[in-house]
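Number of protein chains: 2
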Amino acid sequence: MKENGLSRKIYLELDPPSEEDQASCQRRILRALEDQGIRAKLSLTVLKALYPLCDRADWKVTVSLAYDGERWIAAAIEEGDTSAEHYGLAVDLGSTSVVMQLIDCNTGRIVAQESVYNRQIAFGEDILTRIFYSKDDAGHLEEIRQATVDTFTELMKKLQQVTGVDTEKCISMVVAGNTTMIHFLIGLDAFCVFSSPYAVRADEPGFYTGKELGIPVPGFVFCYPGKANYLGGDIISGMVATGIHKKEEISLFFDVGTNGELVVGNQCFLLCGAGAAGPALEGGVVKTGMRAAAGAVESVKLTDGEFELGVIGDTAPAGICGSGIVDLLSELFIHGWVDLRGRLQPEASGKIEWRGKEEEYAVCYAPGLWFFQSDINEFLRTKAAAYTMMEYIMSEAGMGLGDVSDFYMAGAFGTHVRKESAVNIGMYPDVELSRIHSAGNSSLDGARMLLLDRGILMELDHILELMSYVQFGAVEDFVQKMVAASALPHTDMERYPSVAARLRDGQKEKAGERGKRTWRI
Amino acid sequence: MKENGLSRKIYLELDPPSEEDQASCQRRILRALEDQGIRAKLSLTVLKALYPLCDRADWKVTVSLAYDGERWIAAAIEEGDTSAEHYGLAVDLGSTSVVMQLIDCNTGRIVAQESVYNRQIAFGEDILTRIFYSKDDAGHLEEIRQATVDTFTELMKKLQQVTGVDTEKCISMVVAGNTTMIHFLIGLDAFCVFSSPYAVRADEPGFYTGKELGIPVPGFVFCYPGKANYLGGDIISGMVATGIHKKEEISLFFDVGTNGELVVGNQCFLLCGAGAAGPALEGGVVKTGMRAAAGAVESVKLTDGEFELGVIGDTAPAGICGSGIVDLLSELFIHGWVDLRGRLQPEASGKIEWRGKEEEYAVCYAPGLWFFQSDINEFLRTKAAAYTMMEYIMSEAGMGLGDVSDFYMAGAFGTHVRKESAVNIGMYPDVELSRIHSAGNSSLDGARMLLLDRGILMELDHILELMSYVQFGAVEDFVQKMVAASALPHTDMERYPSVAARLRDGQKEKAGERGKRTWRI
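As given, the protein sequences belong to chains A and B, one line each in that order. Per the working numbering, the very first residue in the first sequence carries number 1; after that it's consecutive. Per the working numbering, the very first residue in the second sequence carries number 1; after that it's consecutive.
Honestly, I wouldn't trust all of these hints.
Identical chains blur together in the list; that is why a pair holds if it fits in one copy or across any two.
Derived lysine to aspartate or glutamate pairs resembling EDC-like cross-links, with alpha carbons at most 20 Å apart [stated by the list, open to error]:
id : residue 1 : residue 2
1  : 211       : 68
2  : 2         : 150
3  : 357       : 85
4  : 48        : 142
5  : 48        : 137
6  : 48        : 204
7  : 48        : 212
8  : 48        : 136
9  : 48        : 114
10 : 48        : 143
11 : 2         : 68
No lab work stands behind these hints, which were simulated from the structure alone. Given the structure is predicted, the values throughout are model-derived calculations rather than measurements.
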């Protein structure tokens, strides 16, 4: 573990200089490293620190080595044996949230994790606003770059507060983010990401020194390479985290967020696509929608005509987040409160009312909180898009969803959503639930894995080569397929046998023939 | 030539991005370079410059590649084909003067050369004063580092003024300097150079970016490695310039300046030593001494009891520089105005007077300019030291001066001194003059050669390995040998047969038996 990562800490007991051995301090260190089979170069910072540090340390020092993709650079030097304190940072650079992990590089342990809003938000809630803000304006672009860096340093400070570890001694950092985020981190105009012909400036930045990027780590910051404009380093990192590029069986990887990115394949091919999954998944469009923060309804159960809610943070419900919406829709559907086309059925419950102002039906899922017909419609478009993307990419691969042995659902949404609910509403395909995996924050996981195993660098080119990219925008029958997938769970019920069964149970319940509920999470 | 150096300029006609080929701008450039067999990495500066430069240039660009010792870094990018403008800088970083050459790296031509005083002089005329000024004082050390960098930028500006070439587009720079100078350039405390056990901080700095060092070149600054405290990169550079490490015959390299550094050897061994040759060689100690600038007497001939002077700059003589002193002493000696022990003979000429104030004899070599007995004594010590160093290092090598087939006399003094005069006074050994070569500024030459041929990097380790260092300070009979060498030309006249012959001619002249002068330069 401790020898395979992007950084190493080596304790050296050097011979002090003498009349017999007048070798320079620099050579003493290089020689001692060579004795351990390590060829390195000393950074300017280390050269400048040699005196009086070595004398003071009685020539017992620890050097921090940082890998730059091809060789070791001694990036820092400390007195005495500090090899036990060997840390690094892994970052998921999202457009909304940035998550950073402090990693003990000797053991691989996640010492702490912190998440903050991306400070770029000051220049636009959504990516496009930020892109237009910075387009052809070097000053604005620099503001956004600096905001990104400031987000990183804020996280480093938070991690330091929580752990007591001096995070500026973390030798190296691995960042996974989408193409726009990496452009902004480096300070590149990102208009190219969203404009034809979609050839970006740089998608393989690799290693730059912390100093060059303005990030206070002594070693290097590695940014995961991307494959295409909408298929960035966060997805490549997800490949590494899930390892689908090394398996014989077919896997499907789906990072569900504001945008959806998916990859299907195995060790022989990786077919990729990306599309707007819709902000509904993050609670964006829904009127009482909110992010998964305190007060958000994150789970919903309908029992005897009443809602049982799971609320984040042990507080009164203030809104509903993505996983709550999926649960809610699933329950409404299974219990007959909405029909196959997603229309609210006012006769099913007194909680469904005609809300005059909006001139539409709505269901009261919590005191004062209403879920409207238009919210449902919006969400159905989202889930249809998600399903259709999966279906489409499988047909592009000459296969069906049934050929997939493992589904990896990544992203915050993929992590928290109840699998069965997602199947019920036809967002996920109707397969054995054990084949659907929450991949969690696979972008962050892949970043951490690479930090701890530089051998993964060798895999990256292979992954990028395996990948081929399908532009969904260019697909003709996409809309048609999406319409079919807008039903609950799908116009083709044969695709959802388990849902059909549950539906029958739900209908029985509704008819007052109270049977035992057949499922529970 | 243009492909072998530390930098390359490559003109690329890239395909513009299209729906069919959406590769990133970065990959387009890397791909085009790979087509030419070049694996490179783009610097952050280049990444940031890609847009809108590539579009504006219609995807016809020239990249400047800088070698970092192991790989190519694209350090700059320009619109259109600028491959004909390919420049680099070679520097001799001396403690008194800094000389810089602007090199056309396509042809190897020296476009221009400029020399200025080292701005470190503000912190002390001599190196030791500067070292004490900066010892254990980071602020002072930084002042000296900045002064060094300022000297470089001053030279770059001068070269730009003279040539019209934008010197900040010079891709790479090679610097050769002694160990203290390189310490100061990098910002390292240099007290170690002069204090026991003489183990320096760093003697193999290698490649650092211009940015890291504060030097405005887009690529790298390479500093020649040194062998030991008194045997710096300027001498290794001199080895490269003279090539003595590749010859079968024995050569002796002598860089004569305030300090004398010498190397004797061939392809199998290089024995090195260094010692204080004395500032007399640069006109320092002599009362009317001056540097080789306008007004300096640089050559002296004695004809019919009168001095014929060569003066720098077509002006009235204002003092005498090193080569002038050697000539003067040689003429005084050959014509019997000083005896074997270097004592002025007042009866030889009316120009020799007892100068009351100093209570010593002195010779008037130009109107109002006197050369004193004490000046002679000082200079004799200097020349004795120089000769003794050569003699001693040969005996250490188990040989005599007669075994040397070529003498390379480097440094400003070595360049300008009349060889025969130096032989006459016993500073150089009495060998065929064709075997004594002026190596000129071999430090600068080696810097330029490496700039144009990165293959030389491979030779450096070999040179350093061949070298073994003799500390003259530790030699017991050094003083004894020096006393013997303080005579004119030497107490052992058998070592100087040609001088003995010339002496006889000179004596004849003195005796009034005017013969034809047997030599003329």
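Hint check results:
1. Taking the shortest Cα distances, residue 211 and residue 68 sit within 20 Å of each other both inside one copy (14 Å) and across copies (18 Å).
2. Neither within a single protomer nor between protomers do residue 2 and residue 150 lie at most 20 Å apart by alpha-carbon distance, with minima of 29 Å and 43 Å respectively.
3. When the C-alpha separation of residue 357 and residue 85 is checked against a cutoff of 20 Å, the pair qualifies neither within a copy, at 62 Å, nor between copies, at 72 Å.
4. Proximity of residue 48 to residue 142 under the C-alpha cut-off of 20 Å is restricted to the inter-copy arrangement: shortest distance 11 Å between copies versus 30 Å within a copy.
5. In this homomeric assembly, residue 48 and residue 137 come within 20 Å of each other (Cα to Cα) only across copies, at 13 Å, whereas the closest approach inside a single copy is 38 Å.
6. Within a single copy, residue 48 and residue 204 get their C-alpha atoms only as close as 32 Å, which misses the 20 Å cut-off; across copies the closest is 13 Å, which meets it.
7. Taking the closest pair of Cα atoms, residue 48 and residue 212 come within 20 Å of each other both inside a single copy (18 Å) and across two copies (12 Å).
8. For the homomeric pair residue 48 and residue 136, the shortest alpha-carbon distance between copies (12 Å) is at most 20 Å, but the shortest distance inside one copy (39 Å) is not.
9. Taking CA atoms no more than 20 Å apart as the test, residue 48 paired with residue 114 passes in neither setting, with 34 Å inside one copy and 30 Å between copies.
10. For the identical chains of this complex, residue 48 and residue 143 are inter-copy neighbours only, at 15 Å across copies versus 32 Å inside a copy, given an alpha-carbon limit of 20 Å.
11. When the C-alpha separation of residue 2 and residue 68 is checked against a cutoff of 20 Å, the pair qualifies only within one copy, where the shortest distance is 17 Å, while the shortest distance between copies is 28 Å.
In summary, the numbered hints that this structure violates are 2, 3, 9.
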